[in-house]
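Participant: Could you build the full structure based on these sequences and the hints that come with them?
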Amino acid sequence: MEFPEELKYTEEHEWVMVEEELAVVGITDFAQDSLGDVVFVELPEVGTFLEAGKAFGVVESVKAVSDIYAPISGTVEEINDDLVEAPEIINTSPYEDGWMIKIRMADAGDADNLMDAEAYQALIAEES
Amino acid sequence: MKKTPLNPLHRELNARMVDFGGWDMPVQYSGVIEEHLAVRQAAGLFDVSHMGEIEVTGPGALAFIQHLTINDAAKLADNQIQYSAFCYPEGGVVDDVTLYRFNETRFLFCVNASNTDKDFAWMQQVLSESAMADVTLNNRSAEFAQIALQGPKAEEILSRLTDVLLADIVYYHFHEGVVAGVKMIISRTGYTGEDGFELYLPASAAVEVWRQLMATGAPHGLLPIGLGARDTLRLEKGYALYGHELSRDISPLEAGLAWITKLDKHDFVGKAALVKQKADGVQRRRIGLVMQERGVPREGYPIFDGDREVGVVTSGTMSPTLKVGIALALVEPAAAGIDNELQVAIRNRRMGAKVVRPPFVP
Numbered sequence: 000m001e002f003p004e005e006l007k008y009t010e011e012h013e014w015v016m017v018e019e020e021l022a023v024v025g026i027t028d029f030a031q032d033s034l035g036d037v038v039f040v041e042l043p044e045v046g047t048f049l050e051a052g053k054a055f056g057v058v059e060s061v062k063a064v065s066d067i068y069a070p071i072s073g074t075v076e077e078i079n080d081d082l083v084e085a086p087e088i089i090n091t092s093p094y095e096d097g098w099m100i101k102i103r104m105a106d107a108g109d110a111d112n113l114m115d116a117e118a119y120q121a122l123i124a125e126e127s
Numbered sequence: 000m001k002k003t004p005l006n007p008l009h010r011e012l013n014a015r016m017v018d019f020g021g022w023d024m025p026v027q028y029s030g031v032i033e034e035h036l037a038v039r040q041a042a043g044l045f046d047v048s049h050m051g052e053i054e055v056t057g058p059g060a061l062a063f064i065q066h067l068t069i070n071d072a073a074k075l076a077d078n079q080i081q082y083s084a085f086c087y088p089e090g091g092v093v094d095d096v097t098l099y100r101f102n103e104t105r106f107l108f109c110v111n112a113s114n115t116d117k118d119f120a121w122m123q124q125v126l127s128e129s130a131m132a133d134v135t136l137n138n139r140s141a142e143f144a145q146i147a148l149q150g151p152k153a154e155e156i157l158s159r160l161t162d163v164l165l166a167d168i169v170y171y172h173f174h175e176g177v178v179a180g181v182k183m184i185i186s187r188t189g190y191t192g193e194d195g196f197e198l199y200l201p202a203s204a205a206v207e208v209w210r211q212l213m214a215t216g217a218p219h220g221l222l223p224i225g226l227g228a229r230d231t232l233r234l235e236k237g238y239a240l241y242g243h244e245l246s247r248d249i250s251p252l253e254a255g256l257a258w259i260t261k262l263d264k265h266d267f268v269g270k271a272a273l274v275k276q277k278a279d280g281v282q283r284r285r286i287g288l289v290m291q292e293r294g295v296p297r298e299g300y301p302i303f304d305g306d307r308e309v310g311v312v313t314s315g316t317m318s319p320t321l322k323v324g325i326a327l328a329l330v331e332p333a334a335a336g337i338d339n340e341l342q343v344a345i346r347n348r349r350m351g352a353k354v355v356r357p358p359f360v361p
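As they're listed, the protein sequences go chains G and L.
Start counting the first sequence at 0; every next residue gets the next number (numbering that gives the first Met the number 0).
Start counting the second sequence at 0; every next residue gets the next number (numbering that gives the first Met the number 0).
Hints were generated in silico from the structure; no laboratory data involved.
We treat Cβ as the ideally placed atom computed from N, Cα and C, and that holds for glycine.
Simulated restraints, written as ranges between beta carbons of each label pair: (1) G/Val-45 to L/Ala-217: 43 to 51 Å; (2) G/Val-45 to L/Ala-141: 55 to 63 Å; (3) L/Arg-348 to G/Gly-52: 17 to 25 Å; (4) G/Ser-33 to L/Gly-220: 23 to 31 Å.
Facilitator: Quick look at the structure:
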């Protein structure tokens, strides 16, 4: 199970990579492993305003539907179109090719409140 | 939770386990889609030991079975199998079952794992109320393990472990013979729509037989298969699952099982209600749906025909073979025409779907 050091994490098993005012968001290795084979992803439209903590989309496995939650507030700048045709990328490359959306952050400081890799790993250990 | 004799093997293989009707069962080993495709393209091995086996014996056995079930058991020859069901007097379904005839005084029902106790109690009640004589009922579920070997390579794999001429066992027939040194029932049946076998063997022999099947089959692409893929496989073929397409509230006529409902045979439990339902016309019918827009239909999602709500999804998934959403559903007869365009409510959107006659994968 991977927990890249340079990323931030949420309790809902999303990861965030900050690139200046943009936050790239996806779901973690733990999340994709728990879900199993991903068969469908529903993402918001570019331009949508997301509120931190609220569900912004859905990732579906064969058996189940899972909400994805916005880690920070902001506007959707870009979505990963590759996930439409090949949602399984989330399973094979959750931190890289499986990125889901890029958010233009409402407040650049928001990402600082998220967990680092060590804290997230501890959370997983507790949950297991 | 109850455990099958193969439970240690699932854990050895690091299967993801789930509580299925009180049984600790594997939902997946390597992944639902990989397992599903292995069964369609090569072969898969399933632990289905949680299923129930109930024996009916005695000179009165056939007459009792005719009274208990909706299909015509008199049509069975020795070593033949029949898909059937038990119904309540009101016409709803107690369980769907497969019926094995050994000879005219010995029969075996294979019943759903989640219904075994209920079914046995029901059979005892029906027998008692019928006052039929010379019938013995025996719940033998604990004695049997059951392993299913399914897929185009199934016969090739199994033939390496038995001298029985498998080509002579045709679909929906069985043979008692020795496989991997163990005497067992070799049944040419299955829940995947592929060629294959269901093996009924002593519980004590299950682990060793599984190991031999896996070792023999692995070079042919044999994989262990969990309940996740078992569900997607049966759904692609349009097979009913009790609790979804069949229940106490759904009759076989509504569920697309008129073909096993023999209303012209002599009296059976539920017959009067079903005769009336046929005469009045069913209020709901089972259909297949293929999504025309991207989305996954799931159990419980409402179905619309324009503004009118016309039914509900009973089972749905993303088809691993077709890579499109598929579903079985119950809808008003007026909406049930083949090629009819309906909408499935998926979260807050209505997404287009077309009515098809299952199977989704031929």
